[in-house]
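**Q** What follows is the residue order along each chain.
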Amino acid sequence: MVQDLVIILFGAPLAAALLSFGSRHSRTAEYGTVVAASADFVVSILLLVATLRHGSTLWWRAYIQIDALGAWVILCISIVYALSSIYAVGYMRLLDEEERLPLFYGLFSGFAFTMLAACVMNNAGVFWIAIELTTLISTFLVGFEREAESTEAAWKYIVVVSSGISLALLGTVLFYWGGSFVLGPTYAMTWAALHHSASQVYPPLLTVSFLLVLVGYGTKAGLAPMHTWLPDAHSESPAPVSAMLSGALLNASMLGIARFLGVVSGTSTSRLAHTAVVCFGIFSFVIASLFIVRQTGIKRLMAYSSVEHIGVQALGLGFGGVLGIAGALYHMLNHSLNKSLMFFGAGNAMRAYGSKEITDIRDVLRTFPVTGILWLLGAVGIAGAPPFALFLSEFTILRAGIAGPYRWAVVLFVIFLVVVFIGFLSHFRAMYFDETENPPMPQVLPGLVWRALPMWLSFLPVLVLGLWWPHVLWNAFTTISAEIMGGAR
Amino acid sequence: MFLAHVNSLQASIFSSLAILSLLLAFVMLGSHWLRNYVYAFAAESWLIAGLSAAVGYFGGYPELYAIAFLTAIFRGLVLPYLLMRIIDRLHVKREAHAILQPSSSLVVGALLVMFAFVIANHMNRQAPPAGYVVVLALTIMISMKFLGFLMLSVRNEAVSQILALLVLENGIFLGSQILVPGMPMLIEIVILFDLLIVVACFGMLVRFLLVHAGTTSSRELKRLVG
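Protein chains in written order, with my numbering: chain A, 1 to 489; chain B, 1 to 226.
Simulated from the structure, these hints should not be mistaken for lab results. Take these hints with a grain of salt, some might be off.
[As the list claims (entries may be wrong)] With a straight-line Cα cutoff of 25 Å, these simulated SDA-like cross-link-like pairs (lysine to any residue) come out:
no., chain 1, residue 1, chain 2, residue 2
1, A, Lys356, B, Glu220
2, B, Lys222, A, Glu149
3, B, Lys222, A, Ser355
4, B, Lys222, A, Pro225
5, B, Lys222, A, Phe140
6, B, Lys222, A, Thr228
7, B, Lys222, A, Ile358
8, A, Lys356, B, His212
9, B, Lys222, A, Glu145
10, B, Lys222, A, Gly354
11, B, Lys222, A, Val293
12, A, Lys356, B, Ser218
13, B, Lys222, A, Arg93
14, A, Lys356, B, Leu224
15, A, Lys356, B, Leu196
16, B, Lys222, A, Leu290
17, B, Lys222, A, Ala148
18, A, Lys356, B, Phe208
Being a predicted model, the structure only gives us computed values, none of them experimental.
The task is simple: from the sequences and hints, build the whole structure.
**A** Rendered as structure tokens:
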């Protein structure tokens, strides 16, 4: 059963990519991608249920492992893949790139494929390769519009991320070397093997290895101060790609950090590792909130908000315990949903007003009576206000922080939550309610149904999950946190 | 752990190959000419291939011969060829406006190697003679990282940045041949291929940069800030 699901999970995006490259027909490519992404979404739910019920599955000489943590991240990624592939149908037709659309959808599905692949890798080396492949494919998605800005963003993206991620490779090699003292010169570098040997590795070596891996995958996850590529890449890529980068790719990299936290758990390095993750988390949060306040570009605003929320997830993982990990995982899902909504709204506004600047976007409600309200409510949600889901997850992470030894981080977290709330929403107040002397003349664009549907589909769960935390999810989180804290099996 | 049984002849062979590759990283650091970077990189790759073969011979890992062969072909021939093509297309011969002069970057590089040695010394707990080789390998791994990042930060030309990234990877590859020769071959081969794809992607991007941004110098890429 699980194996069939995995075959569909990877077969669907692969088939969609081949179909797009093979058919060279834009309509076939876009509908094929929507079908594949929806199939992936359904399969990912079934996969999570099956994994929770039957435990994790190993495959192909233990190179592939489907565990609850991986299945959870797969769910988050497939949700964003499904939402943004629907949105892309409406959005990409506006770009006047009809003949290059098959290329776009091919890369788009390939990008989803590599991210999903990273989640099931049971070997630290192969995981690194999967993450590296996500960079290579998404670089061309970032630079898809072929303007000076997007090419610049793509270049910065690949240089900064490749150099950062090479640190993670060094860390991985050092982990392997440390393990070879215990397990012999040749062994399979599974998470379980690394965890098994970690407690006997010379502590300074283990510490250096972990820090290298943290900085490496932290670069890819967009933790400050390694986040410099993120605002450029997220703001210059087409809106569906921004949503994928922010809602899916960052999660895949956080998975790496969570796995390595699991590897060192129970060793003498564990405390230092958690402190380091908390420090990166709080630093990202503070830096991002300051940039949010003085931001002028609408998509850059969303990008800094991603840095902020990745910081929150890192805080949850760093605080640890069942509450912290549950909060971080819940936050991952909520952020994927809510940030997709925000990027979709930003894409609509950008196209209608023909500008990326916040100052050029005014009177949104008159232009978008319905989706405008969704976007505004989404903004309230992403700023962390109830009754939306991000409030619940942030609150859980706060509780985890208060219960643990990192109270200083909790204090900073609360102060800058207020800064983010005011900073983020003041931009929206200006866009919605400011009086202007010469109001802009927004265009009315076709394909609004395709662009409004995914906004509804992401908004409703954000609202529901904010009012009701399903008990099933809580059970899933306790299983996963037992896995992380007890190390991978 | 084959290093535990290493004798002094083997130790000196490994050490001299490793030190020579570090010296070549300094050659890259101390030169203005893009072509020299590529030659130094190619030579460094051949030394690493030699090191793989030596470790394979003395340590009894026959699969390392295959790795050595692939390293020599990919890193020693194909990558330099691709880089030369990029340089020819760009009509840029030298790094015009490096932030640091080559002489000062050599001094900074030397300081970074000392720092790397201090870190490496802390991470090792093996007794000599194996300990010497381990500390040396770790020092070179970490200092090649530092030198690569130094090159990334003081050089502007796109090609120099690609080469700096390759230096970052070379350090890891070199160290891992000595420290973890038993690492599963699959992973090493995939990483080699991965590198090839990386450089191909970079080559394409450099073309885009030239066409769409009108420059390949990161100094002039400053549309996106804040």
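**Q** Indicate, hint by hint, whether the structure satisfies it.
**A** Against the structure, the hints:
1. Lys356(A) with Glu220(B): holds (22 Å)
2. Lys222(B) with Glu149(A): Distance of about 9 Å is within 25 Å: holds.
3. Lys222(B) with Ser355(A): holds (19 Å)
4. Lys222(B) with Pro225(A): holds (19 Å)
5. Lys222(B) with Phe140(A): Distance ~20 Å between Lys222(B) and Phe140(A) Cα, so the pair holds.
6. Lys222(B) with Thr228(A): holds (13 Å)
7. Lys222(B) with Ile358(A): Holds, at about 20 Å.
8. Lys356(A) with His212(B): holds (19 Å)
9. Lys222(B) with Glu145(A): holds (18 Å)
10. Lys222(B) with Gly354(A): Roughly 22 Å between the alpha carbons, so the hint for Lys222(B) and Gly354(A) holds.
11. Lys222(B) with Val293(A): Distance ~22 Å between Lys222(B) and Val293(A) Cα, so the pair holds.
12. Lys356(A) with Ser218(B): Distance of about 23 Å is within 25 Å: holds.
13. Lys222(B) with Arg93(A): Violated, at about 30 Å.
14. Lys356(A) with Leu224(B): Cα-Cα ~12 Å, so holds.
15. Lys356(A) with Leu196(B): Roughly 36 Å between the alpha carbons, so the hint for Lys356(A) and Leu196(B) is violated.
16. Lys222(B) with Leu290(A): holds (21 Å)
17. Lys222(B) with Ala148(A): holds (10 Å)
18. Lys356(A) with Phe208(B): Roughly 22 Å between the alpha carbons, so the hint for Lys356(A) and Phe208(B) holds.
This entry does not satisfy hints 13, 15, going by the numbered hints stated previously.
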